[in-house]
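There are 2 protein chains.
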Amino acid sequence: MGSLDTNPSTFVCTDDLDSSFQPLNAEDVRSYLHTSVDFICDYYKSVESLPVLPGVEPGYLRRLLQPAPPTSSAPFHVTMKELRDAVVPGMTHWASPNFFAFFPATNSAAAIAGELIASAMNTVGFTWQANPAATEMEVLALDWLAQLLRLPPSFLMNNRTGATGGGVILGTTSEAMLVTLVAARDAALRRMGSNGVAGMTRLTVYAADQTHSTFFKACRLAGFDPANIRSIPTAADTDYGLDPARLLEIMKADVAAGLVPTYICATVGTTSSNAVDPVGAIADVAAAFDAWVHVDAAYAGSACICPEFRHHIDGVERVDSISMSPHKWLMTCLDCTCLWVRDAGRLTGSLETNPEYLKNGASESGAVTDLKDMQVGVGRRFRGLKLWMVMRTYGAVKLQEHIRSDVAMAKMFEDSVRADDRFEVVVPRNFALVCFRIKPLQGDMLMTEEEAEEANRELMERLNRTGKAYVAHTVIGGKFVLRFAVGSSTQEERHVRSAWELIQKTTTEIMDQGREM
Amino acid sequence: MGSLDTNPSTFVCTDDLDSSFQPLNAEDVRSYLHTSVDFICDYYKSVESLPVLPGVEPGYLRRLLQPAPPTSSAPFHVTMKELRDAVVPGMTHWASPNFFAFFPATNSAAAIAGELIASAMNTVGFTWQANPAATEMEVLALDWLAQLLRLPPSFLMNNRTGATGGGVILGTTSEAMLVTLVAARDAALRRMGSNGVAGMTRLTVYAADQTHSTFFKACRLAGFDPANIRSIPTAADTDYGLDPARLLEIMKADVAAGLVPTYICATVGTTSSNAVDPVGAIADVAAAFDAWVHVDAAYAGSACICPEFRHHIDGVERVDSISMSPHKWLMTCLDCTCLWVRDAGRLTGSLETNPEYLKNGASESGAVTDLKDMQVGVGRRFRGLKLWMVMRTYGAVKLQEHIRSDVAMAKMFEDSVRADDRFEVVVPRNFALVCFRIKPLQGDMLMTEEEAEEANRELMERLNRTGKAYVAHTVIGGKFVLRFAVGSSTQEERHVRSAWELIQKTTTEIMDQGREM
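Read top to bottom, the protein sequences are chains A and B. Under my numbering, think of the first position of the first sequence as 12, with each following residue one higher. Under my numbering, think of the first position of the second sequence as 12, with each following residue one higher.
Take the hints with a grain of salt, since some may be wrong.
Restraint ranges, calculated between C-beta atoms of paired labels, are given here [unchecked claim]:
hint: 1; chain 1: B; residue 1: Gly204; chain 2: A; residue 2: Asn206; range: 19 to 27 Å
hint: 2; chain 1: A; residue 1: Arg329; chain 2: B; residue 2: Gln77; range: 28 to 36 Å
hint: 3; chain 1: A; residue 1: Asn206; chain 2: B; residue 2: Met456; range: 47 to 55 Å
hint: 4; chain 1: A; residue 1: Ser376; chain 2: B; residue 2: Lys263; range: 40 to 48 Å
hint: 5; chain 1: B; residue 1: Glu460; chain 2: A; residue 2: His45; range: 51 to 59 Å
hint: 6; chain 1: A; residue 1: Asp96; chain 2: B; residue 2: Ala238; range: 53 to 61 Å
hint: 7; chain 1: A; residue 1: Ala238; chain 2: B; residue 2: Phe32; range: 34 to 42 Å
hint: 8; chain 1: B; residue 1: Arg329; chain 2: A; residue 2: Asn206; range: 31 to 39 Å
Derived BS3-like pairs: lysine-lysine, alpha-carbon spacing no greater than 30 Å straight-line [stated by the list, open to error]:
hint: 9; chain 1: A; residue 1: Lys409; chain 2: A; residue 2: Lys56
hint: 10; chain 1: B; residue 1: Lys370; chain 2: A; residue 2: Lys370
hint: 11; chain 1: B; residue 1: Lys370; chain 2: A; residue 2: Lys422
hint: 12; chain 1: A; residue 1: Lys422; chain 2: A; residue 2: Lys56
hint: 13; chain 1: B; residue 1: Lys479; chain 2: A; residue 2: Lys370
hint: 14; chain 1: A; residue 1: Lys479; chain 2: B; residue 2: Lys370
Calculated directly from the structure, the hints in this document are not laboratory data. Using N, Cα and C, we set each Cβ at its ideal position, and we do this for glycine too.
Take the sequences, apply the hints, and build the full model.
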């Protein structure tokens with residue numbers, strides 16, 4: 012650089028600019044990305060043979076890599092070598108076909124391509140003007156997905172009904188909970204005529220005890236009083252779903268005590284056991300109190316694109332908001348949580364900001380949506396692209412096929428468990444998660460509940476130590492239970508089959524040792 | 012699938028599983044990603060010639076794409092064609108070398124590669140066990156960056172001093188503000204002996220009026236009383252930085268009124284004009300009140316890896332937390348905001364959750380960090396990878412060169428503005444942002460402030476309509492000012508030069524028209 016300007020009065024020249032470093036020069040971009048694609052293809056090819064759960068000790072990485080940043084640059088293959096040699100061996104491989112823990116983080120070629128392109132274009136679409144295409148693509152993708160889920164038109168941004176629905180893509184369910192909690196909180200304070208937040212101590216929120224812990228955390232983040240956050244006990248009689256009668260009773264008691272019911276979180280497909288809270292019945296209860304109802308369908312929402320599972324969100328037309336995460340079960344890599352609200356104005360009323368440096372004609376015209384006003388932060392990635400690319404490339408039929416294939420594999424696993432009388436399926440399987448355990452009664456041998464828990468813990472630990480399967484656990488109704496979640500995107504029937512054989516074999520070993528003692 | 016099992020008693024067979032759809036099959040992954048890499052290389056090659064700000068009207072995308080999701084799948088090239096034909100023309104091109112708005116979203120080949128690999132591995136490292144490598148890589152990357160910034164050892168996770176520092180990578184500065192606000196809020200309530208959140212109405216927070224609007228929003232999200240959120244006026248005498256004497260006065264008055272000063276946000280490099288609040292002096296004021304001090308160095312923090320800019324965060328050893336965003340100026344694609352806290356226990360004390368299904372031996376041992384306990388949500392991407400890959404590949408020297416090159420280009424632009432007596436630089440340039448305007452006094456012509464504002468607005472709008480530059484604005488001390496932010500990762504000196512020539516030419520046209528009227 013530093014070429015002399017022919018018209019010095021026009022431009023002040025400098026000679027000391029070193030622009031030789033071009034972080035996006037074409038050669039590097041192509042070569043680094045091709046190297047990365049090769050790495051990814053090799054990774055997918057080999058991931059089946061890698062231990063799902065690594066055997067590394069805390070602090071292992073620091074012992075392999077240098078403790079301080081390098082001064083000089085290095086060829087990209089040096090970075091990649093350290094990635095292969097130091098990082099990969101310490102990973103828990105969520106992409107492994109032998110991953111059955113938590114919920115699968117499903118993924119697809121189209122989603123990865125979408126994320127790649129978005130990260131290269133690297134736009135920050137806080138307002139419509141800051142990226143019209145990203146804003147409109149996000150709204151379109153949300154409207155498409157809402158149609159797949161048969162959400163009521165009132166939730167759509169472009170519903171031509173004059174309604175005020177709207178959607179936004181966020182990073183996590185927790186953020187969807189937080190922003191709706193804040194909107195509900197502010198609405199309740201306004202209704203109470205609260206002076207500032209003075210009324211906060213009277214606001215109450217409700218959820219079943221099976222609700223994800225992040226909900227209770229979101230309530231605390233939003234300033235709700237810990238004493239007013241109701242975790243309502245559930246039991247086997249409702250398959251651990253929230254009992255609307257019990258909810259009504261508790262809300263009535265709170266009102267009688269001078270409190271103000273503000274928000275109810277209903278979960279469709281709990282993390283622990285895939286329990287389903289009855290959405291419609293909960294909405295009916297809430298209506299009497301003017302409380303906000305949010306549906307958290309993070310995992311199971313994806314299944315509702317299939318008509319046979321759609322009934323799980325029946326009543327959604329009477330709730331205030333619903334969120335689900337395509338990054339869980341709709342083959343869209345992290346992060347992508349979709350939130351729809353029936354009255355977008357209640358959300359933006361609490362979340363809108365309007366600093367001078369973001370003001371622009373489009374926003375002032377009122378003709379556009381500025382998605383920053385429906386989320387915690389200002390900056391935002393172009394997340395709509397990958398979600399749209401998944402739907403555009405695969406289409407509804409393949410997406411449904413994907414869900415049904417996972418559910419069928421889970422059913423197959425469930426049937427196998429049921430066919431082996433050493434085990435029991437602890438709660439009905441609703442989607443692609445099977446909750447099971449070694450039963451206390453084993454033929455002529457009766458274990459105490461403590462011994463059964465010990466046997467199941469031992470089973471989980473031995474399975475996970477093999478590196479051939481990763482299974483997590485939960486506690487349901489006081490029982491220690493193994494969670495077997497089907498659906499990693501590289502998984503096929505044979506992997507589920509192998510895992511079951513490993514479970515059977517390991518259980519036999521544990522039981523034999525138990526008998527010998 | 013559906014092959015017959017040779018041992019039916021071992022496994023229940025099903026015949027109706029259709030596993031033919033493999034969303035991560037090797038052929039698709041390689042072909043979709045190669046197509047995407049070609050697209051990206053073409054995009055970077057052509058982005059200079061695309062209008063930076065598109066001329067599309069609200070709703071344009073819906074008119075180009077189908078309103079409902081497709082039923083059937085489509086070849087990937089169909090998706091890519093729609094991306095090229097419908098999405099790209101509606102984009103604001105942050106990657107354009109002619110982008111001078113907001114702050115640049117800098118990027119690099121190494122960062123994109125890191126994001127690509129992370130999205131393909133698609134792990135969810137909420138706990139150490141859920142991905143040891145991702146957790147340890149994030150901590151390592153934060154420790155490396157802390158060393159580049161010469162943060163005090165007390166902020167490092169692995170500081171060997173027995174201290175309790177820690178860091179986490181979040182999505183946005185807003186989240187960093189929110190989680191530290193909540194930690195400070197809870198600590199203040201505990202100190203007050205508040206019964207639940209009853210004391211909330213007495214807690215006060217402080218920031219200069221130049222602080223990003225998202226701070227005031229974060230305060231509301233965390234439940235602070237709007238009446239207790241102090242936006243402290245600044246003026247030209249401190250270059251719009253917070254005046255510590257004024258802060259002290261206001262905090263004292265609040266204490267006298269029975270309020271409890273809880274949190275101060277100091278900004279190093281405000282969004283509006285790159286003003287710098289004096290970190291050390293603010294920490295000294297805060298100490299008397301036991302108030303939490305957070306430093307928001309979202310943009311300018313990156314410059315502090317150069318010794319000549321490091322003084323802007325002098326005093327950081329006395330604050331409670333600092334955040335900066337490599338996704339702004341450290342060539343790391345969105346999103347990547349680094350937060351360091353001096354006492355990680357205060358953060359996790361407010362943010363920890365411990366549901367049964369996430370319990371594991373490593374967490375219980377206390378030997379590991381579970382990063383979910385330092386953020387809003389549970390799920391988390393492997394963001395540490397791209398940040399590490401940027402530092403590992405480019406090294407400290409190239410990163411510093413990148414900062415210095417941008418600052419030198421900005422200085423060159425500033426010198427040009429100063430050399431043309433139709434313009435004035437409104438506030439001193441600290442980093443790579445130049446705030447300037449057409450002066451009211453033009454030779455023998457004196458405009459009113461309103462006329463000057465009109466001329467500057469007209470200049471901005473004409474520039475942006477050309478598609479050859481995108482410049483945003485702000486208001487400083489009541490004056491409408493153009494913000495010229497240098498540093499898009501494809502930018503070279505010639506682009507800054509062209510933009511300045513366009514500014515001069517357009518200003519001449521506006522002034523000539525003004526004289527004719």
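Verification of the hints:
no.: 1; hint: Gly204(B) - Asn206(A): 19 to 27 Å; verdict: 23 Å, holds
no.: 2; hint: Arg329(A) - Gln77(B): 28 to 36 Å; verdict: 30 Å, holds
no.: 3; hint: Asn206(A) - Met456(B): 47 to 55 Å; verdict: 53 Å, holds
no.: 4; hint: Ser376(A) - Lys263(B): 40 to 48 Å; verdict: 45 Å, holds
no.: 5; hint: Glu460(B) - His45(A): 51 to 59 Å; verdict: 56 Å, holds
no.: 6; hint: Asp96(A) - Ala238(B): 53 to 61 Å; verdict: 57 Å, holds
no.: 7; hint: Ala238(A) - Phe32(B): 34 to 42 Å; verdict: 50 Å, violated
no.: 8; hint: Arg329(B) - Asn206(A): 31 to 39 Å; verdict: 36 Å, holds
no.: 9; hint: Lys409(A) - Lys56(A); verdict: 23 Å, holds
no.: 10; hint: Lys370(B) - Lys370(A); verdict: 47 Å, violated
no.: 11; hint: Lys370(B) - Lys422(A); verdict: 27 Å, holds
no.: 12; hint: Lys422(A) - Lys56(A); verdict: 27 Å, holds
no.: 13; hint: Lys479(B) - Lys370(A); verdict: 20 Å, holds
no.: 14; hint: Lys479(A) - Lys370(B); verdict: 21 Å, holds
When the structure is compared with the earlier hints, violations turn up for hints 7 and 10 and for no others.
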